[in-house]
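Student: For this one, chain A is given, so just place chain B on it according to the hints.
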Amino acid sequence: MRVTVRFFASHREATGLSTYIADVPDGSSAAEVLGSLCGSFPKLKSASVRVAFAINRNHVNPATPLRDGDELALLPPMAGG
Amino acid sequence: MTKRFSLSSQPLDEHAITAVVSRHDAGGVVTFVGRVRDNARGHDVVALEYEAYPEMAEHVFEQIADEATSRFPIKHVAIHHRSGRLVVGEPSVIVAVSAAHRGAAFEACEYVIDQVKARAPIWKKEFTPDGAVWVDDRP
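Protein chains in written order, with our numbering: chain A, -14 to 66; chain B, 8 to 146.
So that you can see chain B by itself, here it is in the shape it has in the complex:
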């Protein structure tokens, strides 16, 4: 049985994560998949390495899902994030949200991924042809 919240070094399974939130009372399921891009800020990227504070990350995922459930009329939320080294094209994060109707599912899914990026204790090192650097995306 796939967990609802997970930080894992194993490849992400989009179908299994979507299935976790799918229920007969939920007519809309929105899934966001974040994948490793081949460029950032004008340079090539060959790989990313994710490091996390795993015991806290899953706790933060659960808090974010609880907030989303109280802010939007949705049914279920699943958040899965990778750790370790990922190559271009690999999924790094998947958020799945189910709701009775699509509008709330879209809105809640955007809220959840924005919060994960801002608050989850996860860091990424970008590997470029010229070296490696820890990413600081905050404005």
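Isolated chain A, as found in the complex:
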């Protein structure tokens, strides 16, 4: 299946990308997609030690499975305000 990954802040700088289309096995979880991305983007590994996930703009836990066409956002530690 194919999912759209969004990178922000330190992750965007580590990958050099804001958006990436990832081909991953059907049913992959958010954490599994991150694992596969760390293979493609080695700098992402150290930058994503403390990461949260959102699927289609909702916060989810790392074990949440994705579906084809989903948008997965990797969220570095948030610092609004």
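These are computed hints drawn from the structure, not numbers from a lab.
All C-beta atoms, glycine included, are put in the ideal place defined by N, C-alpha and C.
Misleading hints may appear alongside valid ones.
Lysine-lysine pairs mimicking DSS-like chemistry, simulated, CA-CA at most 25 angstroms apart [unchecked claim]:
no.: 1; chain 1: B; residue 1: K10; chain 2: B; residue 2: K124
no.: 2; chain 1: B; residue 1: K82; chain 2: B; residue 2: K10
no.: 3; chain 1: A; residue 1: K30; chain 2: B; residue 2: K82
no.: 4; chain 1: B; residue 1: K82; chain 2: B; residue 2: K132
no.: 5; chain 1: A; residue 1: K28; chain 2: B; residue 2: K82
Covered stretches of chain A, as calculated for chain B (at least 3 residues, CB under 8 angstroms) [as the list claims (entries may be wrong)]:
no.: 6; region: -14 to -6
no.: 7; region: 3 to 17
Tutor: Okay, now just chain B, sitting in the frame of chain A:
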């Protein structure tokens, strides 16, 4: 007409945001203004750059406001946050809450700003005289 929830690169207008929540049935309006401070963790700060996931941020603002409305006897909530580069003294976030009475408005306003800091997909890069770093405020 000013929106209730907004993430914007435009300067924040405190009076307009307060007006959005003001109604004749609300006797108390509490407004919190967060501004860029000139120091953090013992060093000077000259500017902040906010980056956000805009499509999600406004959705999270709305969820937080709905939670506040069900937890406290309040009338209306507005949440506006800046994106882009801000210099010292500029408002970065404004939360306005109206209620029949002041107690609930104060409590709900604190709840909302705490949740925005914890959950809204917004990041800030701190510019100091020595360089720039992404801020990680979590304990």
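Student: Which numbered hints are broken by the structure, listed smallest first?
Tutor: Of the numbered hints given earlier, those the structure breaks are 3, 4, 5, 7, listed in rising order.
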